[in-house]
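Letter by letter, the chains look like this.
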Amino acid sequence: MNRYIWLALLALGLLAPFAVYPVFMMKLLCFALFAAAFNLLLGYTGLLSFGHAAFFGGAAYVTGHLVKNLGLTPELGILGGTLFAGLLGYLVGSLAIRRQGIYFAMVTLALAQIVYFLALKLPFTGGEDGLQGIPRGLLFGLIDLNRHVTVGGTPLPLSLYYFTFALFCLGFWVIYRAIHSPFGQVLKAIRENEPRARSLGYKVERFKLIAFILSSALAGMAGAMKCLIFQLASLTDVSWHTSGEVVLMTLLGGVGTVLGPSAGAFTVVTLQSQLTMVGPWITVIIGGIFVVCVLVFRRGFVGELGRLLRRSL
Amino acid sequence: MGLSFQTVMSQVMLGLNNGVFYAILSLGLAVIFGLLNIVNFVHGALYMLGAYVALLGFTMLGPLLGRPDFHLNYWAALIVAPLVVGALGVLIEKTMLRRLRKFDHLYGLLLTFGLALIIQGVFTNYFNVSGDAYDGKPEVLSGVVDLGFMLFPKYRVWVIGISLVVCFGTWFVIERTKLGSYLRAGTENPELVKAFGINVPLMITLTYGFGVGLAAFAGVLAAPIYSVSPVMGSEMIITVFAVVVIGGMGSIMGSILTGLLLGMVEGFTKVVYAPASGTVIFLIMVIVLLVKPAGLFGKEA
Amino acid sequence: MKSLYSSAALSASLLLTAAGFAAPPKDTISDGVVKIGVLTDMSGVYSTLGGKGTQVGVEMAVKDFGGKVLGKPIVVIGADHQNKADIASAKAREWFDNEKVDMITGLLNSGCALAVQKLGGDKKRITMNTGAASTELTNGAWTPYSIHYVYDTYALGKVTGQAVVQTGGKSWFFITADYAFGQSLEGNTSLFVKKLGGKVVGSVRHPLSSADFSSYLLQAQASGAQIIGLANAGGDTINAIKQAREFGIGQKGQKLVGLLIFDTDIKSLGLNVAQGMQFTSGFYWDRDNATRAFAKRFFDIHKAMPTMDQAGAYSATMNYLKAIKLAGTDDPDAVMAKLKSMDISDFFAVNGKIRIDGRMVHDMYLMEVKKPSDSKGEWDLLKIVKTVSGDEAFMPLSESTCPAVKK
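Chains as they are written, first to last, in this note's numbering: chain U, 5 to 317; chain G, 2 to 302; chain V, 392 to 798.
Since no wrong hints were added, every one of them can be taken at face value.
Lysine-lysine pairs mimicking DSBU-like chemistry, simulated, CA-CA at most 35 angstroms apart: (1) U:K125 / V:K586; (2) U:K72 / V:K515; (3) V:K777 / V:K729; (4) V:K443 / U:K125; (5) G:K138 / V:K767; (6) V:K713 / V:K777; (7) G:K138 / V:K761; (8) G:K155 / V:K658.
No wet-lab data here; the hints were simulated from the structure.
Please model the complete structure; the sequences and the hints are all you need to start from.
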């Protein structure tokens, strides 16, 4: 992809908090990373996980617990959450990969429901109320993430924003490198024609598992970031509705494109926040988008855009 | 806690009560998946729709038609709701699902997921999430039956009875009759069956309609017991999926028996450790999938 | 690629943290307008007892006050938190950061209440909770800017528990909603039952929003307890009561007691089913002329009689505005000081006072559901059996774990 496009996006990201409500912007980044991580599995390996919220929300709880109850600094908290998600991904992946297609999706859903149940019952999670009052803390023990800087009369949490943006860039870069590497090529081969890839000698299960762990760890990192931004980890984060949402974001933006899922995430989160006034109609609209995408818009808008411009986005 | 005969038997009855709902719903799903290869995520929403047809037929239909004293009674609803929802199902299949035939099954799942959100969202807008009461329970089914070890509402006995009849009846038609054999053949080898002069697309459409009609039927049965609410389907649907997967996704008898069995497992969990009652089925699903991947009654693909 | 990204991000953050910008200016009269936010369940299980009706209560108060305070306009905005703490907290944060909301009320559902109250404490904005029940709000979760206005689980447990035990209901079995609110309600009630010589023979915890209570009810029946205490609310309580009737439970020997019930629940159940049931409330529309007058005006707008949450919201808003007028500013510290020192006396709260822990102490009422033959109107559902003074009903400061209470 064009260097200039990346630079433009980077510049936009750096300047965003001055134009857009920073907390909202950070939420967009979290979900964009979540969707991009999910797409590693769906778009590039061809595996539909219907329980990805378990990694997103699970990491949020773990990071929240580490930072609030064990007093760890935020970067260690996020590291902890990410590692937890990766480990959980290893467990879930090992079980799920034994099955194919719809059964794979069902196993991930079932295991996610078990994680939901644990999030409900374990003492530190706060059950229905969620894990509340998570402090943002001091990054590396030095930088106060809660510090607000007043620009034009509005206090902006700039340290937190740039930390979030840095993490987003890191996660996104990892995904990008994974896709454009020999490893990524094998994943694509598995997606296209699994028996063929197997006959060529590739240990298909191994590759799938590694992709799964990578995807879940990065989804976890997104969740960990979210818990510091909102200072809350709740059951919504591990519910199957959130799992469904990330599928929608990826589908809408474009399965199998680099920027698609993130664009889809931006769209869905923006829609949800703009349409809060219409209440339950938001569910109808989201459902409608799903239906339209599946019927006529399977490439998603970035995918369609890519086809128009004749380049892979 | 004392597990007396009385306690055990009462919980068995309650478990059976829950189980028949799982059985009917998973039967519909299994029919649709087994014969059409569609993972019908909208099944829960259509179950809910069936309950609302009963409720609205009872309360609003009369005034709408200018005859305020008219109430669509319960017995009529048991027939009308499946027909109405079945017709909707036929529409869905013809206009949308058919187009996705040639693509990956997962698109069918995503489409029906989207449809479920739409239907549920519309109803959440107009109706209270905590539910409305259905007052149309017929007098003849009110009151209790003395089973010796407990007093059991007559209505629930009716529900268990009619559900078992419907379930085994459906199984019989599919597995033991000529019509059923056409259906089964039609999904395995549509071209060949078409060559015999059988209208395969029509058969498939009607099968889908029948499957969702079963869901609506369950909805009407549920209306007098549980309040009628827009989210009653979404709370059930993933559990029902688990039942179908455990039973073996193409097996009709498997879904019925597994539904009944898991209803009882859930019932017992409510006594032993109630908070886990919603999750125990998923635990079982994981174990079954690891040990017997095709499901308890499934045939290895 | 990576070095470009990370060095840019790192240098940006270092730059900004190193350069010492000035701290944000302290609010005086915030932006020339007093904004009140109503954040509550507008569409879910508790929407009938709170919901839009709460906003109606607030808007009525603003209108009655004159629409302006200290010459500046008053604006009311509302939003639905859908009983999700993350939605409540995100909305409140947005309101405090962007919309310059000065006070948030409503806040039913203890999980949401705790999240928003904490945010209010961090950002120095006032929260006047009219809907939630948890005693945590005036104990561990207290902030200098939080007020808990209408009722809590301690008052409910004490007044109902004592009344029932005193009329002979000595052995209890609890059916409890398995989350903080339900557990706290069960805990508080058990305490008082035991204090008066009763005993708790067992309990079962059910997931929030259960459709089917038959299993739990049968367990309650098997326990042989005289009283089946329902430590839940809204749709759960209604379902439990209805299904108990179906199974013939609660009719001979055993009695069902709802620990948190609202008028709207009784309306939903109907007098046939609910008659004779006793519960505790902070308000009843038919108590006296003043309440009836308010209720009539409320009914004309909302088409239903006000619950304690909704009437409480009117009273809280009215007193908030009065406090601003008395203090001469809407600065949160000054307003809180006034609120905690003035008498709260209106149709809603007789002998009301806001204590140092934010607890608004006022009379509570033991209600009983009328027999169908005694009811003369669609909303003539209850009678007041006993009035319990605030000091007796609520947790005394000596037992409080609130950080502001000096021991």
